[in-house]
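Protein sequence lines correspond, in order, to chains A and B. Per my numbering, the very first residue in the first sequence carries number 1; after that it's consecutive. Per my numbering, the very first residue in the second sequence carries number 1; after that it's consecutive.
Hints are supplied without guarantee of correctness; some may be wrong.
Within a straight-line C-alpha distance of at most 35 Å, the following computed DSBU-like cross-link-like pairs (lysine-lysine) qualify [as the list claims (entries may be wrong)]:
#	chain 1	residue 1	chain 2	residue 2
1	B	Lys255	A	Lys134
2	B	Lys69	A	Lys134
3	B	Lys271	A	Lys58
4	B	Lys115	A	Lys140
5	B	Lys271	A	Lys140
6	A	Lys58	B	Lys69
7	B	Lys115	A	Lys117
8	B	Lys107	A	Lys151
9	A	Lys117	B	Lys107
Read the hints as simulated data drawn from the structure, not as lab findings. Remember, it's a predicted structure, so these values are computed and weren't measured experimentally.
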Amino acid sequence: MRQLRTESREQLSILRPEPTISLTSDTTAEPVREEVIREPSEETVFRLRDVGLWYGSKHAVSGISLNIPVNRVTALIGPSGCGKSTLLRCLNRMNDLIPTARVEGSVEYHGVDIYGKAIDPVEVRRRVGMVFQKPNPFPKSIQDNVTFGAKVNGIKGNMNEIAEHALKQAALWNEVKDDLKKSGLALSGGQQQRLCIARALAVQPDVILMDEPCSALDPIATLKIEDLIRELVKDYTIIIVTHNMQQAARVSDYTAFMLAEEHGLNGTLIEYGPTSEIFTNPRDKRTEDYITGRFG
Amino acid sequence: MATEPVILRARGAVQVRQIASRISRYVFLGATLVGVSVLLFLAYDTINTGASRFGIGLLTEYPSRFPEKSGFRPGVLGSLWVMFVTVLAAIPVGIGTAIWIEEFAPKSRLLTIVKINLSNLAGVPSIIYGILGLTIFVRFSGMNSSILAAGFTLALMVIPMTVIASQEAIRQVPPSLRDGALALGATRWQAVRHNVLPNAVPGIMTGIILSISRAVGETAAIIMIGGFTFIRFDPGPELSEILNPAGFWDGLNEKFTILPIEIYGDTINSKLAFKHNAAAGIMLLMIGVMTLNLIAAVIRERFRRY
Numbered sequence: 001m002r003q004l005r006t007e008s009r010e011q012l013s014i015l016r017p018e019p020t021i022s023l024t025s026d027t028t029a030e031p032v033r034e035e036v037i038r039e040p041s042e043e044t045v046f047r048l049r050d051v052g053l054w055y056g057s058k059h060a061v062s063g064i065s066l067n068i069p070v071n072r073v074t075a076l077i078g079p080s081g082c083g084k085s086t087l088l089r090c091l092n093r094m095n096d097l098i099p100t101a102r103v104e105g106s107v108e109y110h111g112v113d114i115y116g117k118a119i120d121p122v123e124v125r126r127r128v129g130m131v132f133q134k135p136n137p138f139p140k141s142i143q144d145n146v147t148f149g150a151k152v153n154g155i156k157g158n159m160n161e162i163a164e165h166a167l168k169q170a171a172l173w174n175e176v177k178d179d180l181k182k183s184g185l186a187l188s189g190g191q192q193q194r195l196c197i198a199r200a201l202a203v204q205p206d207v208i209l210m211d212e213p214c215s216a217l218d219p220i221a222t223l224k225i226e227d228l229i230r231e232l233v234k235d236y237t238i239i240i241v242t243h244n245m246q247q248a249a250r251v252s253d254y255t256a257f258m259l260a261e262e263h264g265l266n267g268t269l270i271e272y273g274p275t276s277e278i279f280t281n282p283r284d285k286r287t288e289d290y291i292t293g294r295f296g
Numbered sequence: 001m002a003t004e005p006v007i008l009r010a011r012g013a014v015q016v017r018q019i020a021s022r023i024s025r026y027v028f029l030g031a032t033l034v035g036v037s038v039l040l041f042l043a044y045d046t047i048n049t050g051a052s053r054f055g056i057g058l059l060t061e062y063p064s065r066f067p068e069k070s071g072f073r074p075g076v077l078g079s080l081w082v083m084f085v086t087v088l089a090a091i092p093v094g095i096g097t098a099i100w101i102e103e104f105a106p107k108s109r110l111l112t113i114v115k116i117n118l119s120n121l122a123g124v125p126s127i128i129y130g131i132l133g134l135t136i137f138v139r140f141s142g143m144n145s146s147i148l149a150a151g152f153t154l155a156l157m158v159i160p161m162t163v164i165a166s167q168e169a170i171r172q173v174p175p176s177l178r179d180g181a182l183a184l185g186a187t188r189w190q191a192v193r194h195n196v197l198p199n200a201v202p203g204i205m206t207g208i209i210l211s212i213s214r215a216v217g218e219t220a221a222i223i224m225i226g227g228f229t230f231i232r233f234d235p236g237p238e239l240s241e242i243l244n245p246a247g248f249w250d251g252l253n254e255k256f257t258i259l260p261i262e263i264y265g266d267t268i269n270s271k272l273a274f275k276h277n278a279a280a281g282i283m284l285l286m287i288g289v290m291t292l293n294l295i296a297a298v299i300r301e302r303f304r305r306y
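Construct all of the structure, not just a fragment, from the sequences and the given hints.
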């Protein structure tokens, strides 16, 4: 059993009767969740209930329940191996590609369980785009990189316009407009990552998942991506995994802190709430330790 | 001022290690030279013996009782047509199998067995494929000793190699490309078709060309299915039949022989002068195989991307 917290629970004990605290069993812990898990008031895009993921016999993530709000940046933070990338990949069924992976619980996207029976992962991924840790442009021209998603999804329209629009959204247009025929691989790392964002935008997704999008980039390129994220969140819901706590503080509206009992096993949600609160007034001791750099 | 100069020359134990290192270099050079010198000697001996008979006549003349008038025309044509059938049959099956194994197959014990057996099949002696071809194609399917039967037999022989080479090429494509495509809502096949295959093509082509260059010199399997014939006509479709499907089909069902068998035929001929013809034929075959290998090397270097 986990160590019980005392301080923040005392503060809230005036509001509700003393609950039995258990972060792993969810049905009984519902009142506790509201304490360290502060669900956003905005409309929900993803509603996760008891989400767990197994890699073979390894329980990588367990008992995650949280709501992800529309048109906000939600950051997933936590030490390496806490399962935040794994959780992110549950949201567009990228874990399907790992033969031994098995998801439990429910991941509802606008009220539909994306692991339900008649759900096609291709449809899910078209609506829930993804940007990877390492920029991975296709070895094709910039133009073809951007229009690839639109083409495979059978989106009709002028491909030049689609490319231009997406590149402008990704703040890359001015840098590449004169050589759209150039290979995507010829761009700098930061440009490649923005190309990947443009590529994801061109299929007109609803949500964009970002898996440590800046970890391979220098600080200036990182800043550009962060500005871009703030710009894009006006139209899209963004969920970002990051190791960089300053980045989480800078770009996100909500922050979820995850922790694993041991490396790569049983990652659980420790605390979730508005970023400003998580970073200024964490309610869980472990969150506080992590964001102040005492472990992780 | 330093009173004692620093000595950086190897001494003692270091010197011993360095000597061992220098000697090892010559040992390994020697090992390489054994192979190369044998090859060079063979090439020299062949050219020395065959140069007198080497010329365009080898391609234009039919075999004859007179060594100075004898050529390899039916064999060269036969080899080309057999390879044509082999390539057409082996490529779709080989690449298709590789794609299935690498991209679609559920990870299971069956898959492991298939994979292990592929490597085993690639090492099966060619005569076994000859027996298989004789049973399946020549007898059971009633193709007789035709170009088709030979092409399919050699296809069976090179398919394992093609599969292994294609698998290797597909595995070389970074998974991030596949993931990137899938994350954009591409289907499995779209990701394979647009992102994996185009980047695997150079490797696949190289593998196929190398398999072909092995098949083109294959003799035992073809003798087994009845390709050891003495023919004085052009096997395979005539030029005029190439655009005519029925004629083309008939051409592929003709009796045939191949260049390596004609060379073998010359070496066992009682007239000693035929040994010059055989050597010239070997030169022809060597030029063919070396050209194929050169093409493979060019493709490999040209498209090296990652």
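The hints, checked one at a time:
{"no.": "1", "hint": "Lys255/B to Lys134/A", "in the structure": "violated (58 Å)"}
{"no.": "2", "hint": "Lys69/B to Lys134/A", "in the structure": "violated (67 Å)"}
{"no.": "3", "hint": "Lys271/B to Lys58/A", "in the structure": "violated (75 Å)"}
{"no.": "4", "hint": "Lys115/B to Lys140/A", "in the structure": "holds (32 Å)"}
{"no.": "5", "hint": "Lys271/B to Lys140/A", "in the structure": "violated (61 Å)"}
{"no.": "6", "hint": "Lys58/A to Lys69/B", "in the structure": "violated (76 Å)"}
{"no.": "7", "hint": "Lys115/B to Lys117/A", "in the structure": "holds (32 Å)"}
{"no.": "8", "hint": "Lys107/B to Lys151/A", "in the structure": "holds (30 Å)"}
{"no.": "9", "hint": "Lys117/A to Lys107/B", "in the structure": "holds (22 Å)"}
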